[in-house]
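Colleague: For chain A, the structure is supplied; the task is to place chain B on it using the hints.
The primary structure of each chain is shown beneath.
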Amino acid sequence: MRYAPPNITSRLLTNNLLTIILLCIIATAGCTKDKPVYPVPTIKFVTLPGLTSTDTTLMLNDTVRIGISAKTGSDQALTHFHMTVIKDSAITYIDSALYTNQLENFRTIIKGIAKKETRIFYVRDRDGRKSQELTITFSLDSSSMYGDISYILSIRLGAQKNTSTGSFYSLSAKNIYTKADAFTNQGLINLLYYFDTIDADKNTIASPGANVDASVFPGTTGITNWAIRNTTRFKIQQNITTNQFELCRNDSLILSNTFEFESGFRKAKNLVSGQIYSFVTDSGLKGLFKVLEVSGETEGDIAIAIKIKK
Amino acid sequence: MKIILISILSLLILSTGLNAQEQDTAAARRIKLDEVVVTATRTKRKIQDIPAQVQVITSKDFEAFPVSNIDDILRTTANVSVNRSWGIFSKNSSVIMHGLPGAGRTLILIDGVPKNKIAAGSVNWHNINPDNIERIEIIKGPASALYGNNAMGGVINIIPKKPQKNIEGSMEAFYGTYNSAGSSLNLSGNETRNNKGFYWDLNGYYRRGDGYYLDPPAYLDPTDVKTYLKEFGGGTMVGYQFNKTNSLDVVYDYYNETRGAGLKVHLPDGSYESTLTNQVRSRYTGKIGNADLTALVYYSHEKFYGQKESLNTLNEYRITDSYTDKNDKGLWFTYSDEIIKKNRITIGTELKMGDVNGQDIYRTSTDLIQFHSKMDVLGIFIQDEFSFLHDRFKLIAGLRNDMVRFYDGYQNIVEPTNATGFVKGFSEDFKNNHWNAISPKLALQYTISSNSQVYISAGTGFLPPDLKDLSQTGKINKGFRLANPDLRPEVLTNYEIGYSRVFADRLRINAAIYYSHGRDFQYMIGTGDSVDTGSGTLKPVLKPENIAKIGVRGAELTASWILTKTLSLNVSYAYNDSRIISFGSSKINPDMDLTGKYMVEVSPHVVYVGLNYRYKSFTANLNCNYVGKQWFDDENTIQVNDYFIANVRIAQTFKQHCRIYLDIQNIFNTAFIDRKGQLSPGRFITAGFQYIL
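The listed protein sequences correspond, in order, to chains A and B.
FYI, our numbering numbers position 171 of the first sequence as 171, with every residue one higher than the one before it.
FYI, our numbering numbers position 28 of the second sequence as 28, with every residue one higher than the one before it.
Quick caveat, the hints were computed from the structure, so don't treat them as lab data.
Mixed in with the good hints, there may be bad ones.
Stated by the list, open to error - In silico negatives: residues of chain B with every beta carbon more than 12 angstroms from chain A:
1) 63
2) 178
3) 258
4) 261
5) 267
6) 307
7) 368
8) 415
9) 416
10) 433
11) 517
12) 546
Claimed, not checked - Here are some of the chain B residues that sit facing chain A, going by a computed Cβ distance under 8 angstroms:
13) 266
14) 363
15) 417
From the three backbone atoms N, C-alpha and C, an ideal C-beta is built for every residue, glycine too.
In isolation and in its complexed conformation, chain A is listed as follows:
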């Protein structure tokens, strides 16, 4: 029998194979870095002159300003600012996305008809660490009175290709503008009307701040080229009857059907005659509009009645 000399390399490898394998597994699977434990983000009211930071009793339509300051406690930015608004028993949640290590948020609050209006705030960081909740409550002074409204009986706005009637409207100036005129009065424009063929939204009332496709109002005076783009938000009101709309003489109907600006929609779509929408502008103007008549498509028009809280 021939003697086969041992293959030292392969013997060494075989004999130590299990050790090599174990070392490899430990090296790849065992080395996980411990994550540092960070404190949760901090949140507080800003206490500067002119800002309210404690529970307060207000008259109807009183305006207060609050400020919220928040800071991350970790190496991860704040990504989520949450606000819960409780008006008597109605609850609205508003989430804002952000990406910042430090947040300062100032809000103007106009006291509505709710007897008790509570706002709860918190922030979370990128990894989901949640701050404490910050709460402030505004109570309604029982001696409050309802305020006046402006009633615009009927305005007619033209769609984007209507050559005789302007598509843009200013709630403060109570005036209709063509595209060219609106371009020179950008800061005044709150509403616009067009017939949507892209997303099949058809008769649509929006505002310059909504994401209206550039092809709807094209050209150098088109909305996408505006420097100031005011935003108005809308909510359909299916519980308000035409009769209630006609009969309301003060701001009670507007205030009882208004909403937090951030929770509204940027567009009132697929409008048909008889529908009633509430709206809130980014400057805090509140109101209702009723669709009186719609006719035509991109060359057509819409007639609406508007009630605005003074």
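Modeller: Just chain B now, with coordinates in the frame of chain A:
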């Protein structure tokens, strides 16, 4: 680039001249007639004795072909298309066989272990080490009679290398376009003496790349960044040979990848997906008397993490963290014996168990979505391989019964906002469901002569529903999906006639025509409702239903021609007319009718031409692929353009141990756009060095 192409062609022409001198001194290469495969019948069988279209890709082919990913080489095979639109930066690629789209309709095996996840049928091709492959066996046409679920369009079995020498191995490093680079190390040994002893393998690989912009320059915005890639894999195998016929081995594989999605808003690493996979399998192969026994057990755990950040059309910022754990475990056992002369019976059983468990956490709002579900498949099968009339006729008859069970489907929606589209939070336990699938197969081959055969076959395939469609309601790319726990498996029957012939040991022709008829194919039905998921546009509400009957009329032709001792040519063509032949009336949308529409992702014409040159230690491969137009959507309103891609590899081995190679994929820098409107990486050049122990 023209200079490179001219140089390559010159080399090939020059080599043809050299070739004449060589021919006198050495025997000419011949077509292999005795190549054996195991996948077609789960028994060792010569290719020419199998009544189906079978192709084998060997490790030699890997050396000669420009391959960045293992699925690249499948393009060389007739009737197998690969959708990998971002090249090495693609997270997923789908392999389409026999005109049947969708990653889940082709069964992919690693040494018999299913690579398709039970959860979705998808396959991660990246966690297969290309350096560790002995051969790939490709069996076209449905094979559920032997393999159960997923084996509708065909079966691809990737068979790893088994060490042959005392010690062997290789080391490789490469560098390429988009600053991509990688290295690999393979070491293995076989200590068996007198058919007894250990064999082992240890391997690792690493690859990275800076990537490229997925959108064309005109469409780039500040949030677009280059996609990127970082991956590391490794594994080990230990086996013991008890005697000549009995062996047991255990294999462990590890894989970790991170792939950028080409989008970054605020987070330093932008949107990306990361997958960590651990797999272990053990196989026993043996003989008791004349009977062959195989037993296999496996477990795979995939941990997925996705970080997604985006700005929607309203400029609203979103961050979502997605965590998903997928487990796949199973075992199979086969017993095969020639009980009666010329009559080999194979019986077996197979159990596959899969589960998915995950959550999506929205970091910019309060939404949280949690889900889990499970599916088990238990199959038993029997197969008879029978030869008669002096072995002129070979009959294969098979029957498999699979019991499929879906259970523990659960979804929990917490504090939703319009980011997820849910109106309020809820949790739901989906009802359990189970199905039974009987898959028969019958194939008859007639051997006309020692080098030509003709066959006729009828086979079946089935595919159970995806766990997501059964139990996950929520946003998807197309709209807002409603889970449907009442879904049933898709079923397909295929009728095929095939012919193969070898001419003068130099030219092999394989041809087949077939018709596949499928029922209960799943499509999304629009309910007519829509959901605002916060992007400013409404998404349609969709519900998956088993609604369509489909038909595939197809043909394929393959020619492998050894032109000279150094030069060979492979040509293949596949035609597929894959259509919905009848669309049922849905209760939720009776007006929806897709009858006559083509199935997405299937190109009717796919052509491959490959020219291989081998002279001494120099190899060159020039190949091109034509892929015809494909439909993008089920409604057939958007079509993806056809494209033509040419690739080349040249390689030279020095002193038996050192090898250098140069790959140019997409030589003409053809810009083609995938179904999502995203660009291909264009021309991709890689140069590599390999040291072989």
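Colleague: Next step is simple, just say for each hint if it's right about the structure.
Modeller: Evaluated hints:
1. 63: 25 angstroms, holds
2. 178: 26 angstroms, holds
3. 258: 15 angstroms, holds
4. 261: 18 angstroms, holds
5. 267: Non-interface label on residue 267(B) violated, nearest chain A Cβ at 8 angstroms vs cutoff 12 angstroms.
6. 307: For residue 307(B), whose nearest Cβ neighbour in chain A is about 10 angstroms away, the distance does not exceed 12 angstroms, so it is violated.
7. 368: Nearest chain A Cβ is 9 angstroms from residue 368(B), so the label is violated.
8. 415: Given that some Cβ of chain A is not farther than 12 angstroms from that of residue 415(B), nearest at about 8 angstroms, it is violated.
9. 416: Residue 416(B) not clear of chain A: closest Cβ-Cβ about 10 angstroms, inside 12 angstroms.
10. 433: 35 angstroms, holds
11. 517: Non-interface label on residue 517(B) holds, nearest chain A Cβ at 38 angstroms vs cutoff 12 angstroms.
12. 546: With a cut-off of 12 angstroms, residue 546(B) remains clear of chain A, as the shortest Cβ separation is near 30 angstroms.
13. 266: Holds, about 4 angstroms.
14. 363: Result: holds, 5 angstroms to nearest chain A Cβ.
15. 417: Since chain A brings a Cβ to about 5 angstroms from residue 417(B), closer than 8 angstroms, the hint holds.
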